[in-house]
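Given chain A's structure and the hints, the job is docking chain B onto it.
Those sequence lines, one after another, are chains A and B.
Mapping the first sequence onto UniProt numbering, position 14 (from 1) lands on 14, and the numbers just tick up by one.
Mapping the second sequence onto UniProt numbering, position 428 (from 1) lands on 428, and the numbers just tick up by one.
These are calculated hints, taken from the structure and not from any lab test.
It is possible that some hints are incorrect.
As the list makes no split between identical chains, a pair holds if one copy fits it or if it spans any two.
With a straight-line Cα cutoff of 25 angstroms, these simulated PhoX-like cross-link-like pairs (lysine-lysine) come out [as the list claims (entries may be wrong)]: (1) K122 to K42; (2) K180 to K196; (3) K152 to K293; (4) K293 to K180; (5) K124 to K71; (6) K454 to K419; (7) K42 to K124; (8) K73 to K133; (9) K133 to K180; (10) K293 to K355; (11) K354 to K293; (12) K73 to K61; (13) K293 to K174; (14) K385 to K212.
Since the structure is predicted, the reported quantities are computational estimates derived from the model, not experimental observations.
One letter stands for each residue in the lines below.
There are 2 protein chains.
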Amino acid sequence: MINNQQNILIIGAGLCGSLLALRLGQRGYNVTVYEMRPDLRKTDISAGRSINLAFSDRGNKAMKLVGIEDKVKDLCIPMNGRMLHDKGGNTFLSNYSGREHEYINSISRQDLNALLLDEAEKHKNVNIHFNKKCLSVDFKNTTALFQDYATKDEFIEDADTIIATDGAGSALRKSYYLEKEFLFSFSQEYLTHGYKELSILPAKDGGYKTYKNALHIWPRGDFMLIALPNLDGSFTVTLFLSYAEGEYNFNNLSTPEIVTEFFQKEFPDALELMPNLVEDFFENPTAPLGTVKCSPWHYKGNTLLMGDAAHAIVPFYGQGMNASFEDVVEFDKVLDKNLDNWEATFKAYEKNRKKDTDAIADLAVDNFHEMKDHVGQAIFQEKRKIEMALEKAFPKDYSSKYSLVTFNENIGYREAMLKGRAQDKAILNMLSDGVISTDDDIAAILDKVKTETKAILEDDRIAGLK
Amino acid sequence: MINNQQNILIIGAGLCGSLLALRLGQRGYNVTVYEMRPDLRKTDISAGRSINLAFSDRGNKAMKLVGIEDKVKDLCIPMNGRMLHDKGGNTFLSNYSGREHEYINSISRQDLNALLLDEAEKHKNVNIHFNKKCLSVDFKNTTALFQDYATKDEFIEDADTIIATDGAGSALRKSYYLEKEFLFSFSQEYLTHGYKELSILPAKDGGYKTYKNALHIWPRGDFMLIALPNLDGSFTVTLFLSYAEGEYNFNNLSTPEIVTEFFQKEFPDALELMPNLVEDFFENPTAPLGTVKCSPWHYKGNTLLMGDAAHAIVPFYGQGMNASFEDVVEFDKVLDKNLDNWEATFKAYEKNRKKDTDAIADLAVDNFHEMKDHVGQAIFQEKRKIEMALEKAFPKDYSSKYSLVTFNENIGYREAMLKGRAQDKAILNMLSDGVISTDDDIAAILDKVKTETKAILEDDRIAGLK
Chain A
1 MINNQQNILI IGAGLCGSLL ALRLGQRGYN VTVYEMRPDL RKTDISAGRS INLAFSDRGN
61 KAMKLVGIED KVKDLCIPMN GRMLHDKGGN TFLSNYSGRE HEYINSISRQ DLNALLLDEA
121 EKHKNVNIHF NKKCLSVDFK NTTALFQDYA TKDEFIEDAD TIIATDGAGS ALRKSYYLEK
181 EFLFSFSQEY LTHGYKELSI LPAKDGGYKT YKNALHIWPR GDFMLIALPN LDGSFTVTLF
241 LSYAEGEYNF NNLSTPEIVT EFFQKEFPDA LELMPNLVED FFENPTAPLG TVKCSPWHYK
301 GNTLLMGDAA HAIVPFYGQG MNASFEDVVE FDKVLDKNLD NWEATFKAYE KNRKKDTDAI
361 ADLAVDNFHE MKDHVGQAIF QEKRKIEMAL EKAFPKDYSS KYSLVTFNEN IGYREAMLKG
421 RAQDKAILNM LSDGVISTDD DIAAILDKVK TETKAILEDD RIAGLK
Chain B
1 MINNQQNILI IGAGLCGSLL ALRLGQRGYN VTVYEMRPDL RKTDISAGRS INLAFSDRGN
61 KAMKLVGIED KVKDLCIPMN GRMLHDKGGN TFLSNYSGRE HEYINSISRQ DLNALLLDEA
121 EKHKNVNIHF NKKCLSVDFK NTTALFQDYA TKDEFIEDAD TIIATDGAGS ALRKSYYLEK
181 EFLFSFSQEY LTHGYKELSI LPAKDGGYKT YKNALHIWPR GDFMLIALPN LDGSFTVTLF
241 LSYAEGEYNF NNLSTPEIVT EFFQKEFPDA LELMPNLVED FFENPTAPLG TVKCSPWHYK
301 GNTLLMGDAA HAIVPFYGQG MNASFEDVVE FDKVLDKNLD NWEATFKAYE KNRKKDTDAI
361 ADLAVDNFHE MKDHVGQAIF QEKRKIEMAL EKAFPKDYSS KYSLVTFNEN IGYREAMLKG
421 RAQDKAILNM LSDGVISTDD DIAAILDKVK TETKAILEDD RIAGLK
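The following block holds chain A by itself, in its conformation from the complex (with noise of 0.2 angstroms):
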């Protein structure tokens, strides 16, 4: 059993470092936190990470584990689903539930980690030091070399044990690979598309300028332009777009004229609501997207990778946050079983999570495809129609994978993602089998929708496949 007075080192005061902080602290260990990053609640935010975020069921677990829950809730703006734009500046919502208390919400990121530290320096036992970036990990002597920013000395912090929440270029991780002192499996995978935040900002007398309460999308094929709302009325808007292909992309944007042409021909409403949009796009920086799975995590029980160090996706299942939330709420659960000492633990956890990140990184890219091209298209679109109709009329026995990834927090992404892939796979057939159709009676469509997702899981048993 782990004596709860040991010293705990926390490399990153994120979103995810400093929920972990709070809850470790909670938990009575001595908890200290470098960041390489001004404490945000004193300063702006720095440009190049996303500003507001999706935040759903996942995440609010865990501020239920912690006690905050009504604290975020306050920061939120709920999202009940997706409004969809076409070229001519038609708008179509598409729920993401057929119940309606299932909603994801807009959060600012800013916000959100100011709650969460402030809520961890409220114990004595946690330390949060800012400005001292983490150099290097030494994790067979349980060491990370930090540099401070100010005076740019190095000194190096000692701990009983050591996680990095360092994000997706964690210098643990870095530390893992470079060493090769075991065998460290490893990948980044980026995709051709790059990203470029951009804003609609408040109207005049401070309101929004298009509706409030979605998460609007202009899919447009091979790009799409998204925005989420913020509480000043403003919206966050993202393009995300190829970095050399296509007639339109990052490489040839290159002027004010070429980016207005693109914004007029493909995204004519937004454009309307984007007086400052050339400004956006050449002081903002093109980002790439990028997914990382690694393992193992720990380096015996000396060093633990957390969050996006460990598991870093693209963003288009909304996500990230809510993944690297959920760790804590499964590191959680490991820590009260009181396994012999942290390897035990940190082994645990790993071989409990890691099949659940692996799938949440996958759906994230299924959802790029999703949602700047299957969204509109016919056939997807009858799908959908259909699963609301079921949500709506069965709200506990049917759920959309979309549902089952987000909504429902009892079942594991792993779980949710078989499950919500033979769904998906039974009514896109039967729909084009003629074996269903949006015109049948409801529960008929359960049965048949129940059956043919049965028979998908057990022939891909048999067959051997995942």
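Below, chain B alone, put in the same frame as chain A:
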């Protein structure tokens, strides 16, 4: 169009590099090759690389291209099937194909590489230098840094283009990764198992101690032993075993007594043929089993990765060398198109080829599980029996996944994988559901398998699955 007076620098004179040098020499280019190892025609091959390899139709296609098919045939030992050995010492020969002319071959890495070097050096425009290790590649300036093994002197080589065939530990791939000049997707995935080479020495009369014309397998569920014949009457034996899991593993096989006990219990008939087991076991290294994928393979027209440098795979489909040889055939096809420049050539090559090397990487991992486990299961044996009967009765109308991958060199690995997996799924499910049995009329089985395979592929297509 590319002038064939161009200077091409090849890094690595292994199997892929020496074949590439030969082919580019035949096409008239000025080819310079640097190899880190000594000339294997003058010294013993170094330990740690497999001694013999499986050679089959895709590899042979390349030998035909360069006109040395007959010379290679003299180095080959045909293996008609898998000879399965159970714990009781009983054996069962499972053919690779129902068509008698389809078999794979065991071939010596050293003999084949020596032949390719001899053939390449017959061309005055091909120059091969040994004992020169590549340290890094400056891909922006199309130069490579080498170190002479004897003098330790470093020197830089310039070229019009550089092709790296320097294997799984490629210096060019490392430069791509470390330089961060472009978005480089990269993965290294290790199995939890490693491997160790052992041997069955020739009989006193110089003959083979066990059946010569088969690939011997001792499948044991979680681990396995295999053996391939050599021309001198010996077999090279390989143990595939977990590093850390299970009752016996590489970590705990630490004394002669435990090693002997393990073989006595699991491989008693092999142990009888291996009086040299303990010596081999403690002299030979334990090596990891990894898969490497990456993209892009090329940087503009300056540099290109080929062979294991671009796509290292695990050995379980016997396709590592064959895939690398096929790379040269596919590259040669693109050269025939006379594209404008190296960049267009490299781009067209990668676009066509990567889907296939990704597929064989995945198939090779699948086959690990098939060889150590599935071959011992009743339903997989029934499937295999049906497929042999189909191939025998309908040699032009049916090919199993194994045949599609191994003997159908005119379709790509990806097509072979998709069709082969669908066939496997069809047969396994129809066996499980009692729709077909091994006693049925074979023509009726063919009809059902074809219909069901088509339905499976169509269902996947409609669901948007690969």
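Practice task
Compare the structure with the hints numbered earlier in the document and write down the numbers of the violated ones, lowest to highest.
Solution key: Failing hints, ascending: 3, 8.
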